[in-house]
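Protein chains in written order, with the numbering used here: chain P, 3 to 287; chain C, 3 to 287; chain Y, 3 to 287.
No lab work stands behind these hints: they were computed from the structure.
Among these hints, one or two may not hold up.
It does not matter which identical chain is meant; a pair holds if it fits inside one copy or across any two.
[Stated by the list, open to error] 30 Å max Cα-Cα, derived DSS-like pairs, lysine-lysine: (1) Lys90 - Lys273; (2) Lys251 - Lys20; (3) Lys251 - Lys90; (4) Lys80 - Lys91; (5) Lys80 - Lys9; (6) Lys9 - Lys251; (7) Lys93 - Lys80; (8) Lys251 - Lys80; (9) Lys20 - Lys93.
One-letter residues, chain by chain:
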Amino acid sequence: MQQKNEKMLLEIVKTLQKLRQEKPLIDCITNRVTINDCANILLAAGGSPIMAEDEREIDEIISISQGLVLNLGILDQKIVSTMLMAGKKAKQTGIPVIFDPVGAGASRLRDDLAQMILNEVRPDVIRGNFSEIRALSGAAIQSRGVDAAAEDAVNEENMQVCGKMVQELATKYQCTVCATGAIDLVSDGEQIFYIKNGDPMLCDVTGTGCMCSALTGATCAAGGALNGAVAAVVLLGLAGEYAAEACRKNGDGIGTFRVKMMDAIYLIREKDIMERGEVYGGELL
Amino acid sequence: MQQKNEKMLLEIVKTLQKLRQEKPLIDCITNRVTINDCANILLAAGGSPIMAEDEREIDEIISISQGLVLNLGILDQKIVSTMLMAGKKAKQTGIPVIFDPVGAGASRLRDDLAQMILNEVRPDVIRGNFSEIRALSGAAIQSRGVDAAAEDAVNEENMQVCGKMVQELATKYQCTVCATGAIDLVSDGEQIFYIKNGDPMLCDVTGTGCMCSALTGATCAAGGALNGAVAAVVLLGLAGEYAAEACRKNGDGIGTFRVKMMDAIYLIREKDIMERGEVYGGELL
Amino acid sequence: MQQKNEKMLLEIVKTLQKLRQEKPLIDCITNRVTINDCANILLAAGGSPIMAEDEREIDEIISISQGLVLNLGILDQKIVSTMLMAGKKAKQTGIPVIFDPVGAGASRLRDDLAQMILNEVRPDVIRGNFSEIRALSGAAIQSRGVDAAAEDAVNEENMQVCGKMVQELATKYQCTVCATGAIDLVSDGEQIFYIKNGDPMLCDVTGTGCMCSALTGATCAAGGALNGAVAAVVLLGLAGEYAAEACRKNGDGIGTFRVKMMDAIYLIREKDIMERGEVYGGELL
């Protein structure tokens, strides 16, 4: 486990190259809090965002898109039916569907709607914080709104146990599951990866989870579900590290952190990934 | 009046400490223009934002929240009934309700809806610019959209007269009223405080009023209505001063100001409050 | 064509002066992705934004506004009927109406709704990227979501041909048409201007088109449709140039670019426009 997975780092490099060349169009049906950040991170990474969510045009928009991101952040009576329609169309078309179950565990409504999307759409990737992933797994949780609960922090000690829960959820829904946190866990049910990039300041900005899901849409369009899910958390983790280093150097705070994080996604080079990417695991289970 | 109120400055320090320790979860039902800024300022100050507004989950979300912020910024047919439901539940639960009557005075609709919320919810804090507070007081006004009218600027000369209007509104609705401007006025009907922190650049960024209201949700959750309302305007005022100083030093504009303002909220120390907080008044009326 | 149009540059200077003095109130009915950026650029330029869109207050809000911006960015069942109501009221009142047909060409729905607004409101200015303008012209296009298609890039070679399409659309709808891109084209059907300010980084931030349309609301309120449309693209183009220069100097990316762009709109001086404004054309057709 102490050996970096160089093979996966190379896959991430290839995924980023392809993303920047092909500029996939990603439709995001996403919440109003972080919608601008989601569009901007897609552009910064090399993708092309569209935030189309009117049922009257969903078919046409999905047919010109290369990926779809569904984010449960702000609910209303209609948005979930639109997500179901878009998700089913995307699955027919064969483009990757990323699902972010924002706030699963915080209310019965969110749990129910998340299950509906899982069952009816069958997303290719589920991306949430560990509290949300735990809630989808049906484990008893103590939710703390839309942020992960302190007791759900993944660390060196509980990493294997948490990884097992991620892997089981992936097996259950035959998809890739990505649980983000201090250590990110990604599994397609067969392999499991542990990603140790990132910085605690990422938790002090709203929407880094949503941004990760949006970015996953683009990386999966370029590199497939498993590589794409790992690539997105490595890219965002590295961006967080560079931004935090810049802030600490100059005594800046969270406003500057956000700006520098977006700078880093835009500027990241292949050698940054190879030298600083902290991807472990990957062996067959 | 020329003597700083050191006792209140100490209360602000204590409020900020408690906020950072307890990380209160604040539900904001707020407008789409500044929703991201509201979430980010809550996080920067040490709170935890949730922007839940679906009536089907309001009860559950309020029951795990420590504060509720209602912001009248963008209207639609449904949002006010949701605010009424959330507000009533919050009052039952005993968590502080902050009401921001954005654009009161700009249209009959906004005046009517604001009165409905005041009467049916009985918020703990009303936070608006002085034009909005004047409109709620029923005084004839010349509104200028969502920004305060020039003739509503509070200065050393009219400060006492304006303060009286704020105090009367507080008495009428048995709550704390906070009118922000060049001089901020906060009264619970018994005491009145005059806060002279801030910088004119705060008016050149959209949503500083909304951000102040969101922040007030967290400071009131930590320090109660009166101390919390004063704390929020002092924190935002100081952040504006630091940001403006940074911009003037480097010849930067309003984009940099926003970033530095968020930095300052995140980095502010207790000694900044004690040394630079400009809180006056507070005597019993 | 190689001679700068100094007369128009002087008009832009006058327009900016008037905008900063009169601080026109601009109502924007605009999409959720970039609504905060639109409000902030209006404030940065000297205007006053209001994002009112509830039909119950539209009449009152339009009657206190000096301009109206309609942006087709995110659709729902109701927004277009509100736009029609607001647009007709604005035309009665005599304030300029700016229409941004976001994503025209990307779906049949958007094409139909755009035509409805053109025919029923008769906007004073249509502002879109060249793919969108081409779609409104009824030319066959290969759309690429909400961003301009590569084959729709305007350059020195096709500038005259593209300009003709812009001029014909302006004649057809008796309005000013502004097609933005590497070279911006503005025509009122009689004159045509070519604006060469800007930087490719403007395409790597979401919402620069929306921001341009919002800004056009304020510049048209101050300077009339034709001068206002040219002024907005020159201001945004110069802001892009200054921001890109700052980023290249310090090795910064797109996060910093956005901040510096907003700084530049706020700080721009009359001599910047006269010295660096790249406005060509303007002769009677």
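Tested hints:
1. Lys90 - Lys273: The answer is neither: 38 Å in one copy and 56 Å across copies each exceed 30 Å.
2. Lys251 - Lys20: between (33 Å within a copy, 28 Å between copies)
3. Lys251 - Lys90: Classified as neither: same-chain Cα gap 48 Å, cross-chain 47 Å, threshold 30 Å.
4. Lys80 - Lys91: both (17 Å within a copy, 24 Å between copies)
5. Lys80 - Lys9: Neither way: Lys80 and Lys9 sit 43 Å apart in one copy and 51 Å across, limit 30 Å.
6. Lys9 - Lys251: neither (33 Å within a copy, 36 Å between copies)
7. Lys93 - Lys80: Intra 20 Å, inter 29 Å, cutoff 30 Å: intra and inter.
8. Lys251 - Lys80: For Lys251 and Lys80, the Cα distance exceeds 30 Å both inside one copy (46 Å) and across copies (47 Å).
9. Lys20 - Lys93: So Lys20 and Lys93 pass the 30 Å test inside one copy only (22 Å; across, 48 Å).
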